[in-house]
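Using the sequences and the hints given, assemble the complete structure.
Under the working numbering, read the sequence shown as residues 5 to 307, first letter to last.
Please note that the accuracy of each hint is not assured.
Pair by pair, the computed Cβ-Cβ distance ranges are [unchecked claim]:
#, residue 1, residue 2, range
1, G106, V210, 50 to 58 Å
2, A222, K51, 14 to 22 Å
3, D104, N23, 37 to 45 Å
4, T46, N23, 38 to 46 Å
5, H272, T212, 33 to 41 Å
6, S190, Q266, 42 to 50 Å
7, T63, G26, 37 to 45 Å
8, H272, S41, 28 to 36 Å
9, S227, T65, 24 to 32 Å
Read the hints as simulated data drawn from the structure, not as lab findings. Computed from a prediction, not measured in an experiment: that's the story for all the values here. Just so you know, even glycine gets a beta-carbon here, dropped at the ideal spot from N, CA and C.
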Amino acid sequence: AAVYNNVTSGNLVTVTVTNSDGVQSAGANITAKSLPSGGTVTTVSGKRVHTFTSSGTFTNTLSLTGVEYLVIAGGGTGGTNGGGGGGAGGLIQTYGVAVDIGYTDISVGGGGLGKWSHSGEQTRANGKDSAFGALLAIGGGRGASRGDIYNTSHSGGSGGGTTDTAARNPGSGTVGQGHSGGFAASDFNTAAGGGGAGEPGSSINVNTDPGHGGDGLAIAFYSNDAIYYSGGGAGSKRDNNGDTPVGGRGGGANGIVTGANQSGINAHYYGGGGSGGVSGTSTTWTQGGSGYQGLVMVRYRIG
Numbered sequence: 005a006a007v008y009n010n011v012t013s014g015n016l017v018t019v020t021v022t023n024s025d026g027v028q029s030a031g032a033n034i035t036a037k038s039l040p041s042g043g044t045v046t047t048v049s050g051k052r053v054h055t056f057t058s059s060g061t062f063t064n065t066l067s068l069t070g071v072e073y074l075v076i077a078g079g080g081t082g083g084t085n086g087g088g089g090g091g092a093g094g095l096i097q098t099y100g101v102a103v104d105i106g107y108t109d110i111s112v113g114g115g116g117l118g119k120w121s122h123s124g125e126q127t128r129a130n131g132k133d134s135a136f137g138a139l140l141a142i143g144g145g146r147g148a149s150r151g152d153i154y155n156t157s158h159s160g161g162s163g164g165g166t167t168d169t170a171a172r173n174p175g176s177g178t179v180g181q182g183h184s185g186g187f188a189a190s191d192f193n194t195a196a197g198g199g200g201a202g203e204p205g206s207s208i209n210v211n212t213d214p215g216h217g218g219d220g221l222a223i224a225f226y227s228n229d230a231i232y233y234s235g236g237g238a239g240s241k242r243d244n245n246g247d248t249p250v251g252g253r254g255g256g257a258n259g260i261v262t263g264a265n266q267s268g269i270n271a272h273y274y275g276g277g278g279s280g281g282v283s284g285t286s287t288t289w290t291q292g293g294s295g296y297q298g299l300v301m302v303r304y305r306i307g
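So, in structure tokens, the structure goes:
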């Protein structure tokens, strides 16, 4: 093994055994193989982890079993003008998968970007999908904006939260990947939170309810210490009444409590949704907070 492990990939090694009588066996031919490659590779507790923060290729050179995947899509933006929180990017985790030798395309979706211009759909965006081959995580849904024709939140990996301007359903989540956004009852000046991978966004039933984003999921992929991913963005309040909305654990952005113009806060970790922006007047528009990009990780044990 000490010799074989230091042979360049693709080269042939012939192994023979000589017994105590000096008789040599026939040679056994073994071609040295390289280890799988792609992304940033680390070794944690005896397992190799490939981390992709941008699109690329996972090149598998071995017949692997017991492979684990973590695929996270980009989070959605928050709404504008007292808007709802953006939904978290969809999250998929699999265990015990067998992977054949070959190449697998990796796509890492970006977070939805808030925009300054108020031109309908351009003011906010869903997160982008992430994929490991055919395994697809859906981008988070954008939060609703208040007081315009686009005040509907969107569905996604997790759904965006609604505003208090219309009795509309919040964005729904994708089964097995996330949860729905929260619902905001009418005329409370408070928007609901976006859904997270672990729970729905909080709804608004009275004027003092904060529109918290739904928590993501805690996953121990790098080590025994679990890390939260894909938290929903918080809604925002158009007045100073009540507690500040808090983003969901796993990168969801905190909300805003103000009657003045202020853009939403950007998400800060993989799959997180952005929070809603606030406008102090009906003629001034501010952007929702942007969602955070996705992530793909592959983990397996060799030997």
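Should the hint that H272 and S41 are 28 to 36 Å apart at their CB atoms be regarded as holding?
Given range 28 to 36 Å: holds, Cβ gap about 30 Å.
T65 and S227 - C-beta distance against the hinted 24 to 32 Å:
holds (26 Å)
For A222 and K51, compare the CB-CB distance with the range 14 to 22 Å and indicate the outcome.
For A222 and K51 the Cβ distance comes to about 19 Å; the hint holds.
Using the beta carbons of T46 and N23, state whether their distance is inside 38 to 46 Å or not.
holds (43 Å)
G106 and V210, beta-carbon distance inside 50 to 58 Å?
holds (56 Å)
Please test the hint of 42 to 50 Å on the beta carbon pair from S190 and Q266.
violated (23 Å)
I want to verify a distance hint. Is the separation of the beta carbons of H272 and T212 within 33 to 41 Å?
violated (26 Å)
The hint says 37 to 45 Å between D104 and N23; measuring C-beta to C-beta, is that right?
This hint holds: roughly 39 Å between Cβ atoms.
Range hint 37 to 45 Å: satisfied by the CB atoms of T63 and G26?
Holds: the Cβ-Cβ distance is about 44 Å, inside 37 to 45 Å.
Hint check: violations occur at hints 5 and 6; the rest are consistent with the structure.
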